[in-house]
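Engineer: Residue numbers (the working numbering), protein chains in the order written: chain A, 1 to 329; chain B, 1 to 329.
These are calculated hints, taken from the structure and not from any lab test. Take these hints with a grain of salt, some might be off.
Residues of chain B clear of chain A, computed beta-carbon distances all greater than 10 Å [as the list claims (entries may be wrong)]: (1) Thr64; (2) Phe67; (3) Thr92; (4) Asp114; (5) Gln129; (6) Ser172; (7) Arg266; (8) Met292.
DSS-like mimics (lysine-lysine), calculated; alpha carbons at most 25 Å apart, straight line [unchecked claim]: (9) B:Lys262 - B:Lys95; (10) B:Lys196 - A:Lys196; (11) A:Lys313 - B:Lys282; (12) B:Lys19 - B:Lys282; (13) A:Lys262 - B:Lys318; (14) A:Lys138 - A:Lys197; (15) A:Lys282 - B:Lys313; (16) A:Lys42 - B:Lys318.
Just so we're clear, the structure is a prediction, and the values are computed from it rather than from any experiment. Note that the Cβ used here is the ideal one computed from N, Cα and C, for glycine as well.
Number of protein chains: 2
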Amino acid sequence: MAISEDRDFHEVVSDSEIKIMDCTIRDGGLMNNHLFNDETVKAVYDACVTSGIDYMEIGYKNTTRIFSPSDYGAWKFCREEDIRRIVGENDTHLKLSAMADAEKSDYRDILPKDKSVLDMIRVAAYIHQVPLALDMIKDAHDKGYETAINLMAVSVIEIDDLDKTLELLASSEVTIIYIVDSYGALLPRQTRSIMKKFLYHAESAGKQIGIHAHNNRQLALANTLEAINLKANILDASMAGCGRGAGNCQMELLMSFLHNPKYRLRPVLECIQYHIEPLRDKLLWGYDIPYMMTGHLNIHPGVAMQFNLGRDKGNIVKLFNLLGRGEGG
Amino acid sequence: MAISEDRDFHEVVSDSEIKIMDCTIRDGGLMNNHLFNDETVKAVYDACVTSGIDYMEIGYKNTTRIFSPSDYGAWKFCREEDIRRIVGENDTHLKLSAMADAEKSDYRDILPKDKSVLDMIRVAAYIHQVPLALDMIKDAHDKGYETAINLMAVSVIEIDDLDKTLELLASSEVTIIYIVDSYGALLPRQTRSIMKKFLYHAESAGKQIGIHAHNNRQLALANTLEAINLKANILDASMAGCGRGAGNCQMELLMSFLHNPKYRLRPVLECIQYHIEPLRDKLLWGYDIPYMMTGHLNIHPGVAMQFNLGRDKGNIVKLFNLLGRGEGG
Numbered sequence: 001m002a003i004s005e006d007r008d009f010h011e012v013v014s015d016s017e018i019k020i021m022d023c024t025i026r027d028g029g030l031m032n033n034h035l036f037n038d039e040t041v042k043a044v045y046d047a048c049v050t051s052g053i054d055y056m057e058i059g060y061k062n063t064t065r066i067f068s069p070s071d072y073g074a075w076k077f078c079r080e081e082d083i084r085r086i087v088g089e090n091d092t093h094l095k096l097s098a099m100a101d102a103e104k105s106d107y108r109d110i111l112p113k114d115k116s117v118l119d120m121i122r123v124a125a126y127i128h129q130v131p132l133a134l135d136m137i138k139d140a141h142d143k144g145y146e147t148a149i150n151l152m153a154v155s156v157i158e159i160d161d162l163d164k165t166l167e168l169l170a171s172s173e174v175t176i177i178y179i180v181d182s183y184g185a186l187l188p189r190q191t192r193s194i195m196k197k198f199l200y201h202a203e204s205a206g207k208q209i210g211i212h213a214h215n216n217r218q219l220a221l222a223n224t225l226e227a228i229n230l231k232a233n234i235l236d237a238s239m240a241g242c243g244r245g246a247g248n249c250q251m252e253l254l255m256s257f258l259h260n261p262k263y264r265l266r267p268v269l270e271c272i273q274y275h276i277e278p279l280r281d282k283l284l285w286g287y288d289i290p291y292m293m294t295g296h297l298n299i300h301p302g303v304a305m306q307f308n309l310g311r312d313k314g315n316i317v318k319l320f321n322l323l324g325r326g327e328g329g
Numbered sequence: 001m002a003i004s005e006d007r008d009f010h011e012v013v014s015d016s017e018i019k020i021m022d023c024t025i026r027d028g029g030l031m032n033n034h035l036f037n038d039e040t041v042k043a044v045y046d047a048c049v050t051s052g053i054d055y056m057e058i059g060y061k062n063t064t065r066i067f068s069p070s071d072y073g074a075w076k077f078c079r080e081e082d083i084r085r086i087v088g089e090n091d092t093h094l095k096l097s098a099m100a101d102a103e104k105s106d107y108r109d110i111l112p113k114d115k116s117v118l119d120m121i122r123v124a125a126y127i128h129q130v131p132l133a134l135d136m137i138k139d140a141h142d143k144g145y146e147t148a149i150n151l152m153a154v155s156v157i158e159i160d161d162l163d164k165t166l167e168l169l170a171s172s173e174v175t176i177i178y179i180v181d182s183y184g185a186l187l188p189r190q191t192r193s194i195m196k197k198f199l200y201h202a203e204s205a206g207k208q209i210g211i212h213a214h215n216n217r218q219l220a221l222a223n224t225l226e227a228i229n230l231k232a233n234i235l236d237a238s239m240a241g242c243g244r245g246a247g248n249c250q251m252e253l254l255m256s257f258l259h260n261p262k263y264r265l266r267p268v269l270e271c272i273q274y275h276i277e278p279l280r281d282k283l284l285w286g287y288d289i290p291y292m293m294t295g296h297l298n299i300h301p302g303v304a305m306q307f308n309l310g311r312d313k314g315n316i317v318k319l320f321n322l323l324g325r326g327e328g329g
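Bound-form chain A, shown alone (with noise of 0.2 Å):
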């Protein structure tokens, strides 16, 4: 099948099947293991209702058998009663999203659709465990919701078995298939190239494709960038970037870059300079050298974060010497 042709700038700007879908407290509580009060909750809330951003995803729907209510806060599950106490019935254009991580959910836990404030469930999934995460997006779209699929790690994913997946993924009931750079070891021309794997196997099946981008090598916004000129639609953003590791792609850079006059950055901005910024120092998110690293290496960003809570925080060439990359001189 042939790829169509590069989207034109003028139809990027104002194209209305854009959407975006904010991660800031999903991903973010990666770093404060989702331990957010509820009014840093509800200001992102009403910023992406203000905003017109199209979804928000809250946090996670994983398991109490897996991770202990006593060390985690309330959008690791993302209970019925917590999500309302938020949003009530969130009779808003904002569509709710959930994360549902394969291996670390029970979808038993996921109520029918009718009894939920919820629209979509997102699976994600490292490559092996897509057999898995097929099912639990066939019991989501069984019990009403719009579902995606996270295909994480992607910049370590053998091209046959990419492939394959797609296929997979291609003829499975769910409706959006996400590019995830969870290393943010991703190049906008290896982005280019999965774009367009993720495009001949799904276009033709009638599936989105979305993008979710870390910024290790500050490269988040250009690989989203990219992914949009290919027809990418859903673009995932956090505020300021709030998100693990080095971050996401940050809201207001990719919302100033839209500028689609169904979004307006100031309830942006404003959420981020009272509730999202004052959170920096204890969250410790954003893009460093120690990030730079592991995403230049295209290994998880774990050892950089456990390296940041270390007392040689700064010392980069100490992490350089112990990431084995010594060099001669």
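Mind docking chain B on chain A? Use the hints.
Structural biologist: Here is chain B on its own, set in the frame of chain A:
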């Protein structure tokens, strides 16, 4: 003339034609009136030598008739004795450059090459200054230097003006023509369009193309990568991005992308850790939302620099309103 194909990825990483220019002191000095102490300048110089960087721009060659030596450090003027205090005879592979600003320099201050350790004179000019810049280039060329022109604020140049200017430059003595995104406004696809224009005029005239990016929209690396794809060979970067406003393309990001065997990352990391990061609180360079706003508006970062020095620093909503981007909500 047809434009040659994009560079192949493996060609990029092994390409010995690619050269890196360090701008830490020259561009970073715009944040502290070039009041660096000798230890810092020497540390950057040593890191450039040890890491295999090809050029170091050590400062400006500006005139004391405009800038008072009591207000500015030595690197605003780059007197020969100041340079030699740091580099001696510079008996290394590293080439040294100084920037001569059109209308802020006096070319009588530039010594004949055989009296100087400088190897290159880069002339910085906005488009209306190009006629003057051509005189300056001829002078530096005739004195025996390599010459480059930095065509500033390329994001606001009218397309017809750009064509005419590039024609002039193609027939001049200059050997390197630089795309300079002074406002950090360019998107990668715009960089691509502009690069094609540069290539069209420069390639057959035997000129090299360089790029100097700013990071207002976190696209400095992405724009540099796009220029590399289209065979830009001279790449500006700064240690930790140290440069005016949002800063430049980060040396550490660029070098880890290139992973060309002629470069070594550790000396760069050492320089950053021990000499550059300790300056951040004073120099205040680096991406933030005020710089994002000026980049998005395609204006000079001066207003954001002033804002960040004032008592309203952090009040991004106020700046958004001041910049006249108020919206209904």
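Engineer: For each hint, tell me whether it holds in the structure or not.
Structural biologist: Here's how the hints hold up against the structure:
The beta carbon of threonine 64 of chain B is kept farther than 10 Å from every beta carbon of chain A, the shortest such distance being approximately 38 Å. Look at phenylalanine 67 of chain B: its CB is around 33 Å from the nearest CB on chain A, clear of 10 Å, so calling it non-interface holds up. With a least beta-carbon separation of about 14 Å from chain A, threonine 92 of chain B lies farther than 10 Å from that chain, consistent with its non-interface assignment. No Cβ of chain A approaches the Cβ of aspartate 114 of chain B within 10 Å, the least distance being about 32 Å, so the stated non-interface status holds.
Listed as a non-interface residue, glutamine 129 of chain B keeps its Cβ farther than 10 Å from every Cβ of chain A; the least gap is roughly 30 Å. Every CB of chain A is more than 10 Å from the CB of serine 172 of chain B (nearest about 32 Å), matching its label as outside the interface. For arginine 266 of chain B, the condition that its CB be more than 10 Å from all CB atoms of chain A is violated, with the nearest at approximately 6 Å. At roughly 6 Å from the closest C-beta of chain A, the C-beta of methionine 292 of chain B falls inside 10 Å, breaking its exclusion from the interface.
The hinted pair formed by lysine 262 of chain B and lysine 95 of chain B meets the criterion: a straight-line CA distance of about 15 Å does not exceed 25 Å. Our distance criterion of 25 Å between C-alpha atoms is met by lysine 196 of chain B and lysine 196 of chain A, whose separation comes to about 24 Å. As the CA atoms of lysine 313 of chain A and lysine 282 of chain B are separated by approximately 20 Å, the hinted pair is consistent with the 25 Å bound. Taking the CA atoms of lysine 19 of chain B and lysine 282 of chain B, the gap is near 30 Å; set against the 25 Å cutoff, the hint is violated.
A threshold of 25 Å between alpha carbons decides the hint, and for lysine 262 of chain A with lysine 318 of chain B the separation of about 22 Å falls inside it, so the pair holds. At most 25 Å may separate the alpha-carbon atoms for a hinted pair to count; lysine 138 of chain A and lysine 197 of chain A meet this at roughly 23 Å. Distance restraint check for lysine 282 of chain A and lysine 313 of chain B: the Cα-Cα separation of roughly 20 Å lies within the 25 Å cut-off, and the hinted pair is therefore satisfied. In summary, the hint linking lysine 42 of chain A to lysine 318 of chain B is supported, as the alpha carbons are separated by about 22 Å, within the 25 Å threshold.
The structure fails hints 7, 8 and 12 (numbered hints given earlier, in ascending order).
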